[in-house]
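Participant: Residue numbers (our numbering), protein chains in the order written: chain A, 1 to 441; chain B, 1001 to 1245.
Note that these hints are calculated values from the structure, not bench results.
Computed from a prediction, not measured in an experiment: that's the story for all the values here.
Heads up, none of these hints are tricks.
As a list, the in silico EDC-like pairs of lysine to aspartate or glutamate whose alpha-carbon atoms are at most 20 Å apart:
no., chain 1, residue 1, chain 2, residue 2
1, B, Lys1235, A, Glu46
2, A, Lys253, A, Asp292
3, B, Lys1217, B, Glu1179
4, A, Lys175, B, Glu1179
5, A, Lys324, A, Asp311
6, A, Lys332, A, Asp311
7, B, Lys1235, B, Glu1179
8, B, Lys1235, A, Asp52
9, B, Lys1104, A, Glu269
10, A, Lys175, B, Glu1176
11, B, Lys1127, B, Glu1156
12, A, Lys149, B, Glu1141
13, B, Lys1217, B, Asp1229
14, B, Lys1104, A, Glu46
15, A, Lys376, B, Glu1179
16, A, Lys175, B, Glu1170
17, A, Lys257, A, Asp233
18, A, Lys332, A, Asp220
Cβ pair distances, simulated, as ranges:
no., chain 1, residue 1, chain 2, residue 2, range
19, A, Gly312, B, Asp1228, 52 to 60 Å
20, A, Thr374, B, Asp1048, 54 to 62 Å
21, B, Ser1098, A, Glu379, 21 to 29 Å
22, B, Lys1217, A, Lys257, 51 to 59 Å
23, B, Glu1066, A, Gly331, 50 to 58 Å
24, B, Cys1173, A, Glu254, 48 to 56 Å
25, B, Ala1169, A, Glu379, 31 to 39 Å
26, B, Cys1173, A, Thr374, 18 to 26 Å
27, B, Lys1104, A, Lys257, 33 to 41 Å
28, A, Asp24, B, Lys1147, 49 to 57 Å
Note that CB positions come from ideal geometry on N, CA and C, so glycine has one too.
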Amino acid sequence: MRKLTIDPITRLEGHGKITIFLNDDGSVANVYLQIPELRGFEKFCEGRPVADMPQITPRICGVCPEAHHMAATKALDDMFHTEPTSTAKKIRELLYSAFYVTDHTTHFYILGGPDFIMGPDAPVKDRNILGVIAKVGMDLAGQVLNTRKENHWIIQAVGGRQIHPVFGLPGGVSKRISEEDRQKIEEIAKRDVAFAQLSLKVFGDIVLKNKAYVDMIVSDAFTHQTYYMGLVDDKNKVNFYDGKVRVVDPAGKEFVKYSPHEYLDHIAEHVEPWSYTKFPFLKKVGWKGFVDGKDSGVYRATPLSRLNAADGMATPLAQAEYDKMYSTLGGKPVHHTLATHWARLIELLYAAERLLELAQDKEITGPNIRNIPTGKPTEGVGIVEAPSRNFNVRSRISGNWGFLSTSSGRASSTLLITWSRPLSAPAGQARVFECFKRPKH
Amino acid sequence: MKPRVAFFDFTGCEGCQLEVLNFNLEIVDLIGAIDIVEFREASSDHSDDYDIAFIEGSQTTDRDVERVQKIREKAKILVALGACSCTGGVNALKNRFSMEENLKVVYGDSAKLYSTIPTRPTSAYVKVDVHLHGCPPNRNEVISLVKCLLSGKKFEQCHNPVCVECKLAENICAFERGEFCLGPITRGGCNAVCVTGGRKCWGCRALVDEPNVNSEKEILKKYGLTMDDMMLQFKLFNGALEVSK
Ligand code: SF4
Ligand code: SF4
Ligand code: SF4
Chain A
1 MRKLTIDPIT
11 RLEGHGKITI
21 FLNDDGSVAN
31 VYLQIPELRG
41 FEKFCEGRPV
51 ADMPQITPRI
61 CGVCPEAHHM
71 AATKALDDMF
81 HTEPTSTAKK
91 IRELLYSAFY
101 VTDHTTHFYI
111 LGGPDFIMGP
121 DAPVKDRNIL
131 GVIAKVGMDL
141 AGQVLNTRKE
151 NHWIIQAVGG
161 RQIHPVFGLP
171 GGVSKRISEE
181 DRQKIEEIAK
191 RDVAFAQLSL
201 KVFGDIVLKN
211 KAYVDMIVSD
221 AFTHQTYYMG
231 LVDDKNKVNF
241 YDGKVRVVDP
251 AGKEFVKYSP
261 HEYLDHIAEH
271 VEPWSYTKFP
281 FLKKVGWKGF
291 VDGKDSGVYR
301 ATPLSRLNAA
311 DGMATPLAQA
321 EYDKMYSTLG
331 GKPVHHTLAT
341 HWARLIELLY
351 AAERLLELAQ
361 DKEITGPNIR
371 NIPTGKPTEG
381 VGIVEAPSRN
391 FNVRSRISGN
401 WGFLSTSSGR
411 ASSTLLITWS
421 RPLSAPAGQA
431 RVFECFKRPK
441 H
Chain B
1001 MKPRVAFFDF
1011 TGCEGCQLEV
1021 LNFNLEIVDL
1031 IGAIDIVEFR
1041 EASSDHSDDY
1051 DIAFIEGSQT
1061 TDRDVERVQK
1071 IREKAKILVA
1081 LGACSCTGGV
1091 NALKNRFSME
1101 ENLKVVYGDS
1111 AKLYSTIPTR
1121 PTSAYVKVDV
1131 HLHGCPPNRN
1141 EVISLVKCLL
1151 SGKKFEQCHN
1161 PVCVECKLAE
1171 NICAFERGEF
1181 CLGPITRGGC
1191 NAVCVTGGRK
1201 CWGCRALVDE
1211 PNVNSEKEIL
1221 KKYGLTMDDM
1231 MLQFKLFNGA
1241 LEVSK
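Whenever a hint applies, use it, and build me the whole structure from the sequences.
Facilitator: Shown next as structure tokens:
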């Protein structure tokens, strides 16, 4: 038996090592994704003031600190029984939409996308942003950088800091949005909508018009019939910031819809001896190993999963693209992992449209940005939808925390589930990784 | 020949690397003057040949220790990038517990399958030439460091506490708003961004050279707070400060 090791995995947040065992005939016997370190957030949050949580949990991941900051802040709202003011909720969702725009842009063009845009056979040295610039042209590349820069500016202006924002407080936010900034944000949001539409067009031209790509998307190697999970609003539309968690089964039928407090009834984690990462699964279905199908508790929570788990998008342009994707790929749900790139661009468009809606909402500049908590803190849970990146396979890091507070207001026990897992059957993984990351010889 | 620069990540959130990647257009100028030969977050290319090594993250496994020592042997200049590498950052919060306890809470009955060592900043194991503080560091500081390295000028840390920049930014003092701020003892250089964002300073840039302990004590007294309260706050990003050199 031969062994191939890919260590470290690149263009990914978080450390990882992949070991592939090959049979003598060259076929794949087994594949392991290993996360080789323990950080200890579950333990070391204990005894810290709960107010620190929105500062601590973002340090899990510098790529999506906004998601952790927001989930922890929402857990504090819940813990102090304080509903944020309407303006505060809108400010939070505005920042969150700008975050989705930058994050999906980064993922599509810089982290996960280069393999896809450059093609699976492109040399390793070309699979980065510079290779992408050469392929899509300097004009679009300039727009990519500009979109990132402008939306980072929004995060900084609204959240106080770009990486590791500070604005979230129980019951609201720490800073108002000025009319001057609102106007700037509105202009940026308009450019974001146009950029998202252009990105979908590029995807159509480079990928959908190329039969080899489409064959790869719908090929068996990249198809897994799993459960799908995502936050939805009260009309079952995709929502990133708030709502209930909806899970659909591999046939697309609603399996469960639960509110944040019920998450422990539905999610458990499995530990494997070969990795420091844990593998969440649907408790009521049960852990059957890394396999797909209706009897396996493996679920996915990616951009594609969110679209599968919802009935549609809450904004018109994104809804039209949603319909187009499902009609092209043969209806819901779509099990083709590589369609995640497509779903991500549809979410990019939704985030841009939502950002624009919020920037045009006059209430966004209102003075009423916080309800000061007065009640006695008890226990809190907060859930948001993280954009997720990690390879093109699944991974959502969704903050899902329960704090049990003591009277002194310190976290006595913090349970923190970081949902970030690779996907299903090892053999399938092998193909995904082999195709996208060849080890250097 | 252009200096070859490498970024290495250890235990951390990678926000420091992201901060560098996010320079966007500014970085394009710098890229012309240097060769980035290793940057895992952004590229799949690898190289073992470099002059300047940026270390992000703290060392939390035996393997990390060996790896950082090897990097030190090769690099002419080694920079500790960010709080995790400079002072342990939030990772050092786990040092308050035994390693067994940490493993047990995270992995339950499977804990015996894993191992971990207390979090240490990079300087606990190898000589660090420059510390770039912050969680993450301020990008202007990173740019100015690279410029200094290119021109051979000495890089100067900010020697003022955060309060100096905070007052220049005309912020209302966080203490007035009932928050506990570490600005008086924390090294500036970040323009007091967190206070400008409506909050306070959490001390992510470590101790200023000569912290004015007396003035801090007075402030504590004025607001009815104790040194213990302060240490609890300060340990958030600086839990392994005592073992850094
Ligand atoms: S110093 Fe802060 S930003 Fe940098 S890696 Fe550590 S936690 Fe992340
Ligand atoms: S104590 Fe904090 S808020 Fe007050 S001036 Fe100093 S840095 Fe600013
Ligand atoms: S204000 Fe304090 S916590 Fe914020 S970046 Fe500056 S040193 Fe760090």
